[in-house]
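Chemist: Just so you know, the protein sequences line up as chains A and B, in that order. Residue numbering for the first sequence follows the working numbering, beginning at 113 and increasing consecutively. Residue numbering for the second sequence follows the working numbering, beginning at 113 and increasing consecutively.
Read the hints as simulated data drawn from the structure, not as lab findings. One thing to keep in mind: the hints can contain errors.
Intra- or inter-copy, both count: the list cannot distinguish identical chains.
[To be verified] Pairs of lysine-lysine, DSSO-like flavour, derived with a Cα cap of 27 Å:
#, residue 1, residue 2
1, Lys193, Lys578
2, Lys448, Lys291
3, Lys349, Lys252
4, Lys193, Lys448
5, Lys252, Lys178
2 protein chains.
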Amino acid sequence: MSTYRAPLSDIRFALYDVLDVEALFERLGYSEATRDVLDAVLDEAARFAETVLAPLNSVGDEVGCKLDSATHDVTTPPGFKAAYDQFIDGGWTGLTASPDFGGQGLPHVMGVPLNEMVNAANLAWGNFPLLSHGAVEALKHHGEAWQQEVFLKPLVEGRWTGTMCLTEPHCGTDLGLLKTRAEPNADGSYAITGTKIFITAGEHDLTDNIVHLVLAKLPDAPAGAKGISLFVTPKFKLDRNGNVGERNALHCGSIEHKMGIKGSVTCVMNFDGAQGYLVGQPHKGLQAMFTMMNTARLGVGLQGIALSERAYQNALRYARERLQTRSLSGPKVPDKPADPILVHPDVRRMLLTVKALTEGSRLLALHAGTLIDVAGHADDAGERERADTLVSFLTPISKACQTEWSIENTYNALQCFGGHGYIHEHGMEQLARDARITTLYEGTTGIQALDLMGRKTAGTQAAGLKLFLAEIEAFLQAHQDNAALAEFVAPLREKTAEWAQLTREILQRASQDPEEIGAASYDYLFYSGYVALAYWWARSVVSAEASSHSESFKQSKRETAQFYFARLLPRTLAHAAAIRSGAASLMSMADERFGT
Amino acid sequence: MSTYRAPLSDIRFALYDVLDVEALFERLGYSEATRDVLDAVLDEAARFAETVLAPLNSVGDEVGCKLDSATHDVTTPPGFKAAYDQFIDGGWTGLTASPDFGGQGLPHVMGVPLNEMVNAANLAWGNFPLLSHGAVEALKHHGEAWQQEVFLKPLVEGRWTGTMCLTEPHCGTDLGLLKTRAEPNADGSYAITGTKIFITAGEHDLTDNIVHLVLAKLPDAPAGAKGISLFVTPKFKLDRNGNVGERNALHCGSIEHKMGIKGSVTCVMNFDGAQGYLVGQPHKGLQAMFTMMNTARLGVGLQGIALSERAYQNALRYARERLQTRSLSGPKVPDKPADPILVHPDVRRMLLTVKALTEGSRLLALHAGTLIDVAGHADDAGERERADTLVSFLTPISKACQTEWSIENTYNALQCFGGHGYIHEHGMEQLARDARITTLYEGTTGIQALDLMGRKTAGTQAAGLKLFLAEIEAFLQAHQDNAALAEFVAPLREKTAEWAQLTREILQRASQDPEEIGAASYDYLFYSGYVALAYWWARSVVSAEASSHSESFKQSKRETAQFYFARLLPRTLAHAAAIRSGAASLMSMADERFGT
């Protein structure tokens, strides 16, 4: 079975030493978010994740969720409900929510380590509270006053959970095709009819009610994506005063048998004239849904980091314990029958790859978290807008890279176990199966790449990129005479210049042929991710040196950064070459020739 | 559920047009291996794979193998035994074996497409006959006359199956640590005692007897790998005249719960003084085992191609059927509600990656197969030796690259399905889970890399590489004035020169520090694999042009080659940079700093 210890030391380093959140929170007016409070939150979240959630990870995988096809009830794995009760008793669901709705009002970024720890301990369990946050965001920004009054408090307190009902059997990415209908009722509510699939936590036994945010079309809806509206549709009906009524006309028709996250339930939801209320303007549902989506995408990105961290810890433990053959340069532990496999360069390569991608990603994710706080709370409107532009730009990079890297990381960690990694009891194969969902849900990697290259770059004259490059440039200038940092500053400067240049080249080509956007998107996304991580690794070295951490910690950061620059950053060479090869190698093949 | 059609057209192209096996077989004296016979074999193998094995693929995954803990019997999934009976009735187990032992005497390379098709149709099922071939090789080369008499015919005919009992709980790669003992009996046999794990097909209900090839230590064995002997230890005892006696003192203690290949059984085998016979010389067992191992490694490499091919077919079908959003350059199928996702550049990128790696790998594998025929049957001793050196060099590249690419290929194929890929019923997640074993068993990728870089390169002054580079150079010279091929010839020339140069650099550095071998090994292996595939793609273009295949086929080969050179071959840039960064970035971190 795999184990988990929350990486508090690295989380603290990232928050306090690299991102200096103490100064940021003070500036943003979070007067209660003092170091003492933050540390207590981190310690307590770690304790909860390690002792309550982590022990339930394998039982969730082995038992899974069960649907009673007669009652349409879903039973979650043993222990999940008790853990959930403890979670809401601890106030964790409302950690960063506004006190107006029962939240604790901590900065948004403090939810990031909480979610990392929860997901590392038990990804499947973490999916139950995950989407409530998106439902809260959608209702907060687009709901009517009475809707906020009725729904937000129970969602924030975790007494109810939320869902996002978007996908239908024939449409996922292309929501313009959806068929679910909303017919007006006499009382101002709507009757929702249709089938939604892939609904995470669509039905379960953790809470009394479930709040479905459902995309559907009004009778007079224009065709396509411009005719989609959003409805709030609870499992048990509610009137405008919050009185809970009878069971709504919706139920879970079946649950999916998945490769992993078996403790999480993925439902087919049938709406048979279920009572729902319009959220926001008619036909503007997609916009409201994007509010939820961006939050969810960053959340899924965190899942990638979480699984990577857990995979690393277990692979490292195994590499230290497993004795097998001698070091190429002579026995390292001569009194044992063989050396621990950690002595072998290729085992180190695998472990350092996981370590470098995971710790670097943690900064990517926490930085995005701070930007959300700035975008919401900075005094200056310009600063808020810049933060919003930047986090919009970084969201697809963060989601796609962190999840794709989690596939690679769980792969490498499993590989360190040799054949034992393939056996269920070690828990490594569960991590690999669980990780596999993260590049699919909340928009596949291809969709993130198109979002980055199209909407966030071509669509904004690269506004987000320019802001990020300016930030990196400030860092480079501050350290251009720092000899101890030259090994990082020089290649980072070169890569950032090339990043800007590649962007110009793609946009130039795309002005002739729109397929160039799609053709470059995947490699551009990874190029971006690797340069972003190079920046965070260079900053980590600086911040570690300046910190009060141990010499061993500082040296570990520098050596991991050196590994990153020597062995992972060169992947940009392949991505740049692929980008520069253009669309022809993808588009010239006629459809029928794919099969010959 | 995923489907499978044998890719006969591409297999025939590879065999006849690229490798010209007709001329080769004639030269090697295989007078019966005429085109008619070969075509009939391919057609019939395809029919068997498609109609008998493929339908059992999902039931194998869903039902798995069951151990009766009272009787220690293993029951295979429904249909597996009936399929196996048909397989041996068809004479498939002895297709390439010598007629002296009941085989059909076809060239070795003809087993390669057979095994590809069998494994694509049903990888788990394919593991039952897989290791018999290795047992046959070990007994043929190292067994006494009576052992060959008694064991070979039933193994070749498939009436019995074979196993390789190497691994123990505390040792896999490092067999020098093994603890299984062999004590001499009065009758010249040995009593084998110990526990072996990860024994594929160690127990099952397909055949009357099972022939275990077991590594164990004699009482006077020197320590380490030089003290290992090989024993043949049947499930039911046999005397020297082949009379089957009572049950031997060995049994399956438990079976593993694995991530995939659930229809294949992986046993813990307990030997409690089981009667075995020494195969070959005392203490020389490892050498005999390597005879089995090399065969098995190429066989596992084929499994990678097999899964990749099946994954491709299903992803392509889905990409043609699934309608979702419009092409970036305007609607391609305006009368449908959306375009098929095959129009999208990034979906094409994923599909072409699978296609290019799979068809290229097929040539890598078939070429290795022809080399084994040459090594065994060429008149000239020098030619035999050169072929043996070359196939030894190519084996770790073939095994590791083809299996690692199968992870990538099943990943990309699943990704084409979006969220649907994660659901069991589509069958794509089974392919991904099944593929995951291939980089682990018969030597992990790291072990293959070390075999290539150490034993096969540093240990031979790069003898194998030099032979392969000479072959490529001959091709380049033959086509240096071919303008239609210049787009492939120029980069291939550049990469082969760099391959030789990188090899020199590594060996130079390794003369100072042996860790440089391990530090370079993984990236060197992939560098080698990508250049080898570039060669096969360039040759494919030439061979396609010269063939009688359709214009569409020729164009598809050229376009896939263009894609390969534009978008996959540049991965060598990253591998070369990693190689040149040397061992320091892997070795400088002290063990304790991995955890800080």
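Chemist: Could you figure out if Lys193 and Lys448 sit no more than 27 Å apart (CA to CA) within one copy, between two copies, both or neither?
Modeler: Neither: 46 Å inside a chain and 46 Å across chains, both beyond 27 Å.
Chemist: When no copy is specified for Lys252 and Lys178, does a C-alpha distance of 27 Å or less occur within a copy, between copies, both, or neither?
Modeler: Result: close neither inside a copy nor across copies, 33 Å intra and 54 Å inter.
Chemist: Quick one: Lys349 to Lys252, C-alpha cut-off 27 Å, is that within a copy, between copies, both, or neither?
Modeler: Within one copy only: 20 Å inside a chain, 76 Å across chains, cut-off 27 Å.
Chemist: Up to 27 Å between alpha-carbons, please classify Lys193 paired with Lys578: within, between, both or neither.
Modeler: Neither, since 46 Å and 64 Å both go past 27 Å.
Chemist: Is it within a copy, between copies, both, or neither that the alpha carbon of Lys448 lies no farther than 27 Å from that of Lys291?
Modeler: between (66 Å within a copy, 15 Å between copies)
Checked against the numbered hints given earlier, this structure breaks hints 1, 4 and 5; the rest are met.
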